[in-house]
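Chains as they are written, first to last, in this note's numbering: chain A, 1 to 452; chain B, 453 to 754.
Hints listed in this document are in silico derivations from the structure and should not be mistaken for laboratory results. C-beta atoms are modelled at their ideal positions from N, C-alpha and C, and glycine is treated no differently. Warning: the hint list may mix true and false statements.
[Claimed, not checked] Footprint (simulated), chain A over chain B, 3 or more residues, beta carbon under 8 Å: (1) 519-533; (2) 712-722.
[Stated by the list, open to error] Mimicking SDA-like on lysine to any residue, the simulated pairs with C-alpha atoms at most 20 Å apart in a straight line are: (3) A:Lys367 x B:Ala665; (4) B:Lys503 x A:Glu273; (5) B:Lys645 x B:Ala665; (6) B:Lys519 x B:Ser494; (7) B:Lys503 x A:Ser271; (8) A:Lys367 x B:Leu535.
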Amino acid sequence: MINIPGPASKFCDGVSRRSFLRLGGLAMGGLTLPDLLRAEQAAGRSRSNKSLIMVFLSGGAPHQDMYDIKTEAPLEYRGEFQPIDTNVSGIQICEHLPRLAQMMDRLVPIRSVVGSEGRHAAFQCLTGQSVRSQPPGGWPSLGSVVSKLKGPVDPAVPPFVSLSPQMKSRTWSDPGQPGYCGMAHAPFTPNASGTADLELRGINHRTLQNRRKLIAQIGRLRHELDRNDVIDGMDTYYRQAFGILTSGKLMEALDLEREDPAVRDRYGRGSAEPAGYGDAGPLMNDYLLTARRLVEAGVRVVSLAYGRWDWHGQPHGTNFENARDHLPVFDQGVSTLIEDLHERGLSDDVSVVVWGEFGRTPKINPKGGRDHWPRVSSALLACGGIRTGQVIGSTNRLGEHAETRPVHFQEIMATLYRNLGIDVDATTINDLTGRPQYLIDHVHHGPLPEVV
Amino acid sequence: MAARILHTLTHNNAVYWVTFSSDGRRLASASLDNTIKLWEFSTGKHLSTLKGHGDGVCAASFAPDGKTLFSASLDKSLRVWNLSSGATERTLQGHQNYITCMAMSADGKSLASGAQDKQVRLWDPSTGTTTRVLSGHTGFVHCVAFSPDGTLVASGGFDNTIRLWSAMDGRLARQLEGHTGAVEGVAFAPDGKSLASASADGTIKLWDVASGAERQALQGHSGLVRCVRFDNSGRRLASGSYDTTVKIWDPRTGRQLQSIRGHRNTVYAVAFSPDDQTLASASFDRSSIVWSLTARDRQPAR
């Protein structure tokens, strides 16, 4: 909570003694921003601009209906979609992903992801770990690790941001837990409940809809405070916190009204409403654009939940009806993000991973849906300087299990860490008992040799 | 052949149902976004949103006087809405699983609902009570319809059968078998003598109500047929399908008259306007489309 006090007995010119700016936690895991900054100050930091955008497909996307159409399976397994050629000879993906098909040379679909713990949760995608047998303090998410080891690129920009909204399912809306890295490395979550507490005098959170007006008012407020010598009374960390909030860099990155409308249209915009029935991540292609803006502004890791992929069938639509709803939007958003990163010269520095918590049952159920299938799932990698234009792994004829080159969640994590300049063989962070913990099981898993 | 689009009405999620008011001035659409939206037919303007159901809304009907609306939801309840205030007047409970369909008798005094608890229930909306529980389906119930005179209720479902029940005493009058897939939609002709059924087997069947005999099977959709509806004259039949098309048929000959493209996902419901000049369709693509069916609006497909 930041309280900006005014003079003892009278109102400042334009500023009252009452706190004018209350940020309910800035959704930094309950720590105030000044506390966060103090914690960051406690360790020296190196600076680099390698970054990651992680798109979490909440619910478990059907692996056999996206990158791995099982053309030789009977219809009750294969389903209703046809494969289409991509711009890489020999690779075919779902007919409802035509844009991604035309940029397969820039992608790496992994058809054989194994090791899922089978929970409806973002945890394993965010940490690479299981919730079972965690070390004291808990496994930190990749974003928190990067925050701790690398620090911010720019003091005005948090190193780890999650764009996931708050959902009823906390495990889906998990923005990334800091674990034993400490609360200082929790993500900034502008779309979660913290923004509901954002209040400026005369402005409430609804005004965030018009961010330009908000930034202008912050600017006037800052001018008033400077005039009244209020800032000088704050300690270093309040000043820094105030600087982050008012420097504009983060808020400008979040403010899509500053973006060319044609670019927003190209991404597809989308809706902040839950994507599927009940609880869900949004099909919000604007968040993919925001992620690009954030990494440009210096955020090292951006995570976001996207869509609802838990398609068990009627009466909430069949697997294929939901896929026809989600896949075109997904295709437009993800392909545009990757194109955009290439066009802006960011493709070597920014890694992209798109994945979910598990795959879906090979045999279509009587309600026209597919149920949970932790045995195998799929993932998509792009950018980050990896070797693209290839598929890794395969499943058997019915899509039941990895047949060639099973890829563990932690191999993908090791690859992402490596892209971010972190060597999982040599890097440890102490847990809360002081015991050094490797980031993953580095003895058995390392970066994917196929791509690095 | 294309039809001219008059309005595209959107929801935040799949649209499961669309219907006209009896005076044709308004439409109601029901959605997986848990709401019912009311629209002005002449302009396509959104009039209001009815919120309160806790899960997707699968069906809605305007009462004949236009002052009340009935709805059914996956939240296992039906609701009676006051359209002046937008408030729920009554909640009808009894089903033990997702309700998937609802129909209203022509006089507006009875409702029928079908659910994944395999039951068909008849209701008196004025009291909110169940008047009959019709048990017999061996699978989920997917569709219900009242005969025009209100004496019969037709239901269909995952057991591939259509059952005709007496609305008076709840007896099973007849069981129609022949579909090789789930029955997804049923509709009585305006004269009550014929019944149309839509099925996951990709066909529409026409049945003689009195004898239960299958008269015709209409083939033309390239996927599951999700819904079927006669127009008010009985001379045309509309259907909607997983293949995203709406088709218009001549029920006397079985000939396909029109195939209307525009939706991007399964068509879940079709409804003719009271004057039969307009058709509304509801789709999983999050929209309802209102189509003009007048002869001058029939254009060659582009």
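To see whether the hints hold, each was checked on the structure:
Counting residues of the region 519-533 of chain B whose CB falls under 8 Å from any CB of chain A gives 1; the rule of at least 3 is not met. For the region 712-722 of chain B, the stated coverage by chain A is satisfied: 3 residues place a CB nearer than 8 Å to a CB of that chain, which reaches the threshold of 3. A threshold of 20 Å between alpha carbons decides the hint, and for Lys367 of chain A with Ala665 of chain B the separation of about 29 Å lies outside it, so the pair is violated. Proximity of Lys503 of chain B to Glu273 of chain A is assessed by CA-CA distance (about 15 Å); at most 20 Å being required, the pair is judged to hold.
Taking the CA atoms of Lys645 of chain B and Ala665 of chain B, the gap is about 11 Å. The hint holds against a cut of 20 Å. At roughly 19 Å between alpha-carbon atoms, Lys519 of chain B and Ser494 of chain B fall within 20 Å of each other, so this suggested pair holds. With a C-alpha separation of about 19 Å, the suggested pair Lys503 of chain B and Ser271 of chain A falls inside the 20 Å cut-off, and the hint holds. At most 20 Å may separate the alpha-carbon atoms for a hinted pair to count; Lys367 of chain A and Leu535 of chain B exceed this at roughly 34 Å.
The structure is inconsistent with the numbered hints 1, 3 and 8, although it conforms to all the rest.
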